[in-house]
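2 protein chains.
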Amino acid sequence: MTVTSHDVARLAGVSQATVSRALRGDARVTADTQERVREAAQALGYVRSELGRGLSTRSTHRVALVAELENTLYHQLMRPIHDELGKRDYRMVLLAEDSDDAGLHERLLDRSVDGAILMTSRLSSALPFELARRNLPFVFLNRVGAFAGAPSVSADNFAGSRAVGDLLVRLGHTRIGVILGPSDTSTGRDREAGFRAALDDADISLPRNRVFRREYDEESGRMGLETLLAANKPPTAIFCANDFVAIGALNRATELGVAVPGDVTVVGFDDIDMAAWPAFRLTTVRSPLMAMAERAAGLLVDLIEGKIGTEHDIFATELVLRSTHAPA
Amino acid sequence: MTVTSHDVARLAGVSQATVSRALRGDARVTADTQERVREAAQALGYVRSELGRGLSTRSTHRVALVAELENTLYHQLMRPIHDELGKRDYRMVLLAEDSDDAGLHERLLDRSVDGAILMTSRLSSALPFELARRNLPFVFLNRVGAFAGAPSVSADNFAGSRAVGDLLVRLGHTRIGVILGPSDTSTGRDREAGFRAALDDADISLPRNRVFRREYDEESGRMGLETLLAANKPPTAIFCANDFVAIGALNRATELGVAVPGDVTVVGFDDIDMAAWPAFRLTTVRSPLMAMAERAAGLLVDLIEGKIGTEHDIFATELVLRSTHAPA
DNA sequence: ACAGTATTGTCATACGTATGCATACAGCGC
DNA sequence: GCGCTGTATGCATACGTATGACAATACTGT
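So the sequences go chain by chain: A and B.
FYI, our numbering numbers position 168 of the first sequence as 963, with every residue one higher than the one before it.
FYI, our numbering numbers position 222 of the second sequence as 1017, with every residue one higher than the one before it.
Keep in mind the hints are simulated off the structure, nothing from the lab.
Quick reminder that beta carbons are idealized off the backbone N, C-alpha and C, glycines included.
Don't take every hint at face value.
[Claimed, not checked] Within a straight-line C-alpha distance of at most 25 Å, the following computed DMTMM-like cross-link-like pairs (lysine to aspartate or glutamate) qualify: (1) B/Lys882 / A/Asp893; (2) A/Lys1028 / A/Asp998; (3) A/Lys882 / B/Asp893; (4) A/Lys882 / A/Glu1100.
[As the list claims (entries may be wrong)] Far from chain A by the CB rule (all over 12 Å, computed), these chain B residues: (5) Gly820; (6) Leu864; (7) Glu865; (8) His870; (9) Asp878; (10) Leu966; (11) Ala1121.
[What the hints assert, rightly or not] Pulled a few chain A residues facing chain B out of the computed Cβ check, cut under 8 Å: (12) Gln811; (13) Thr828; (14) Leu839; (15) Gly849; (16) Asn866; (17) His870; (18) Arg874; (19) Val888; (20) Ser907; (21) Arg917; (22) Leu918; (23) Thr1049; (24) Pro1073; (25) Ala1074; (26) Met1085.
Put together the whole structure using the sequences plus the hints.
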């Protein structure tokens, strides 16, 4: 039923080995024979089996993108990753990272991929160590893992958040709140640290009841805004650890009849496409997400092909001033 | 370097064949031996090679999800598909459907997947015929292909759009515009037909300058709204072929200072999560996307395992009245 | 104790491709 | 016509797993 290289060989009147060589353009096969083989392959509609090829060469030219399906940030990153990998003759496979790691470990180590891009790795995750132990090349994207032995690509989260802190201070805010991401992610930690640094410099305190910490999703933003504003002395400005959170905050504010930026300033992080929509016009920090994704893909291929060592790339961020911030 | 079943066999003091059987829980291996093998596998950190397994069994337990990366609708569908496949012991692989079909054909036919879910298939696409010819099982999701030999799962697009048409008529609109999706998709065609049927029944015409046709994305909505409203006698209501388009229309309306629904009524289709956000509160038609995705995944697995024939499932839709519609 | 059967494990091979090595053959100089 | 070189192709095998056929062992009843 399936057409194999043996079928092609029979039709072209050569051996299977010659078919393999001919189709790869091996110079040891005459142009004449190559042509004949190619025609036979075409006629039969031959498609080389990735399984056979992979088994033989111990490489699949496939790369796993490991992400939490719920984290919508990666949707924007798939195109640049896909295209960069394509250019380098690699394919992308999406693996969902769920709570139970067991299946994921296996899927990464079953030899069906040559490497992985980890996008949503938690600092506490054992995965990077496991992969390193098994010599499966991988890079971090938008994360820095607890494991330092792998290349990473990330935005300058510390500087970016610090810039937001400085902005809020400059605008005269003193009661400032923050909706943070998970503390066991590098972005969660770094964005917190940068922001705190700015407030510290201005001698502005960040009491516990002005800190809300949860996931990187819209829902968290909704809850965060509501919770923070319910306090005795509610903040006049809220920094959200990423744009999805910020948009959730804006949504809840609208529902509660809270004016932004009239009643409260809201600032996000990442500058996803949606942030620029007129419905939001979110003031935020731009991470060069496309460039980062492309770089990560490139680094991974280099790593797989043994061309580089460990390298940590940090991309500069840029404050994007839109319409959700105002003086205190 | 890589741990194989031979290594496990050596350590457990049995043959490779026994390892294979033991790990699959074959009754022909004593519980005692199974335990010993399992321990050895554990000790060595053995992970079965998908390549070897696939080559031997001619099945990979992997299913391709074929989608255009730009079509954000599928992001919402990945979780139900992923989970349903997981339950049935299958894995999901995302393949980007780009303009050049060549690479895609190969990736589907290289025996690295057992089947495919086609989510963005164009009516003109040769892919379904190609897959059918090669006996690669597949199902259509949210589409009906020109090829009728494969199962399909879709919403009742005709009835849904007709309901929107009826609604607009009931609200007293007579100058009605529409922003349609590509005419070589079944959704594009069916949603157009249903809407036209409703207008026909009410003797309301749909002149060419009130029809804008483009892709299923936010950008198309922006352009569509602007174009339609620029006409001499602009429409007082606009039906958008899906929610992304509708949101694009809302965005552009905001930028242009056009009030919705004060100046113009806007209705979408699908009821994606975002449609309910307070920034939009979009009146739309709900497709049971989750249930559809789950069903498609289930059907595909049944098809792969030879349990069913061809079956076309159509899910009922439901009008969701929010805040973007008003009387003429 | 023996034949007969059930149980447990091994052997050998297939899956489809890639590749080191061997071979056949053409061309060449003498 | 002989041996030599070099090139085009074929042969054989490896990759890791699964499985049908078979062998070895234990167990049963008489």
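Okay, the hints, checked on the actual structure:
In summary, the hint linking B/Lys882 to A/Asp893 is supported, as the alpha carbons are separated by about 14 Å, within the 25 Å threshold. Taken as a hint, the A/Lys1028 and A/Asp998 pair is honoured in the structure, with Cα atoms around 18 Å apart against an allowance of 25 Å. The hinted pair formed by A/Lys882 and B/Asp893 meets the criterion: a straight-line CA distance of about 14 Å does not exceed 25 Å. With a CA separation close to 14 Å, the supplied pair A/Lys882 and A/Glu1100 stays within the 25 Å bound.
Annotated as non-interface, B/Gly820 keeps its C-beta farther than 12 Å from every C-beta of chain A; the closest such distance is 16 Å. A cut-off of 12 Å between C-beta atoms contradicts the statement that B/Leu864 is not in contact with chain A; the least separation is 5 Å. At roughly 7 Å from the closest C-beta of chain A, the C-beta of B/Glu865 falls inside 12 Å, breaking its exclusion from the interface. Separation of B/His870 from chain A is inadequate, the least Cβ-Cβ distance of about 5 Å not exceeding the 12 Å criterion.
Its beta-carbon lying about 9 Å from the closest one in chain A, B/Asp878 breaks the requirement of being farther than 12 Å from that chain. Here B/Leu966 stays apart from chain A, with its beta-carbon at least about 24 Å from theirs, past the 12 Å limit. Non-interface call for B/Ala1121 relative to chain A: holds, since the shortest CB-CB distance, roughly 19 Å, exceeds 12 Å. Interface restraint check for A/Gln811: the shortest CB-CB distance to chain B comes to about 15 Å, outside 8 Å, so the restraint is violated.
For A/Thr828, the interface hint is violated, the least distance from its beta-carbon to any beta-carbon of chain B being 23 Å, above 8 Å. For A/Leu839, the interface hint is violated, the least distance from its beta-carbon to any beta-carbon of chain B being 11 Å, above 8 Å. Against a cut-off of 8 Å between C-beta atoms, the interface hint on A/Gly849 holds, since the closest Cβ of chain B lies about 5 Å away. At its closest, the beta carbon of A/Asn866 sits 11 Å from a beta carbon of chain B; the interface hint therefore is violated under the 8 Å criterion.
Because the beta carbon of A/His870 sits about 5 Å from the nearest beta carbon in chain B, less than 8 Å, this interface hint is met. Restraint check, A/Arg874 versus chain B: the minimum CB separation of about 5 Å is within 8 Å; hint holds. Using the Cβ-Cβ criterion of 8 Å, the hint placing A/Val888 at the interface with chain B is satisfied: the shortest such distance is roughly 5 Å. Taking 8 Å as the C-beta contact cut-off toward chain B, the hint placing A/Ser907 at the interface holds, the least distance being around 4 Å.
At about 19 Å, the closest approach between the beta carbon of A/Arg917 and any beta carbon in chain B exceeds 8 Å, and the interface hint on this residue is violated. The criterion of a C-beta within 8 Å of any C-beta in chain B is not met by A/Leu918, whose closest approach is roughly 23 Å, and the hint is violated. Because the beta carbon of A/Thr1049 sits about 4 Å from the nearest beta carbon in chain B, less than 8 Å, this interface hint is met. Annotation: A/Pro1073 was flagged as interfacial toward chain B, and the flag holds, the nearest CB pair being 4 Å apart, inside 8 Å.
Satisfaction of the interface hint for A/Ala1074 is found here, the shortest Cβ-Cβ separation to chain B being roughly 4 Å, below the 8 Å cut-off. The beta carbon of A/Met1085 comes no nearer than 13 Å to any beta carbon in chain B, farther than 8 Å, and the hint placing it at the interface is violated.
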